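Student: Sequence:
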Amino acid sequence: MTSKEVLDRFTHLGALLEGHFRLSSGLHSPNYLQCALVLQHPAEAEALGRELGAALAVQLGDVKPTAVLSPALGGLIIGHEVARALGVRAIFAERAEGVLTLRRGFDLAPSDRVVIVEDVLTTGGSTRETMEVAKQRGATVVAAGAVINRSGTASPVDVPFAALAALTPPTYKPEVCPYCEKGIPVTKPGSRST
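Take any residue in the sequence shown, note its place counting from 1, add 6, and you have its number in the numbering used here.
One or more hints might be untrue.
Below, simulated EDC-like cross-link-like pairs (lysine to aspartate or glutamate); rule was C-alpha separation at most 16 Å, straight line [as the list claims (entries may be wrong)]: (1) Lys194 with Glu24; (2) Lys10 with Glu57; (3) Lys141 with Asp164; (4) Lys141 with Asp113.
None of these hints come from the bench; they were simulated from the model. None of these values were measured; they are calculated from a predicted model.
Using the sequences plus the hints, can you model the full thing?
Tutor: Have a look at this one:
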């Protein structure tokens, strides 16, 4: 599946939005990728998970992961599908009192080799925070991946990385956002309210 084919799916399903958006990173952008609108379709989620799993397997080489760890909420579905493709368990980290952590009986051990998966990577903050959750349990993070890489760099984290598509629309700090300067209301469509 090419990058263009992935982005065409997003466009066809109304998941590539245009307007004035506040991203989870706090940056503003005229474009927003709402992966949930694609991943709500089981066949799409499975196909994207299979493709991302294959791309990650190339990055991993001979390294065999034992788990996929995703940040909730955005990475949950695609993480599950990548885990299915890689034949490993899928777990997720979620916020408790503002801190990303493992809950619901999920755990990692020092013997675990973890792949971090999320839907869209912008600054890499959520991916790095999720990597830290794994490292705090003694696990080794062996790779990371996302459906869409909008970071503007091919390797946004310090482990092998794979994405199915790259899209780098402009982003702005709120204090220098041209849309804010024009008085255009900002929308926060993602899963985090802050």
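Student: Honestly, which of those hints from before does the structure not fit?
Tutor: none
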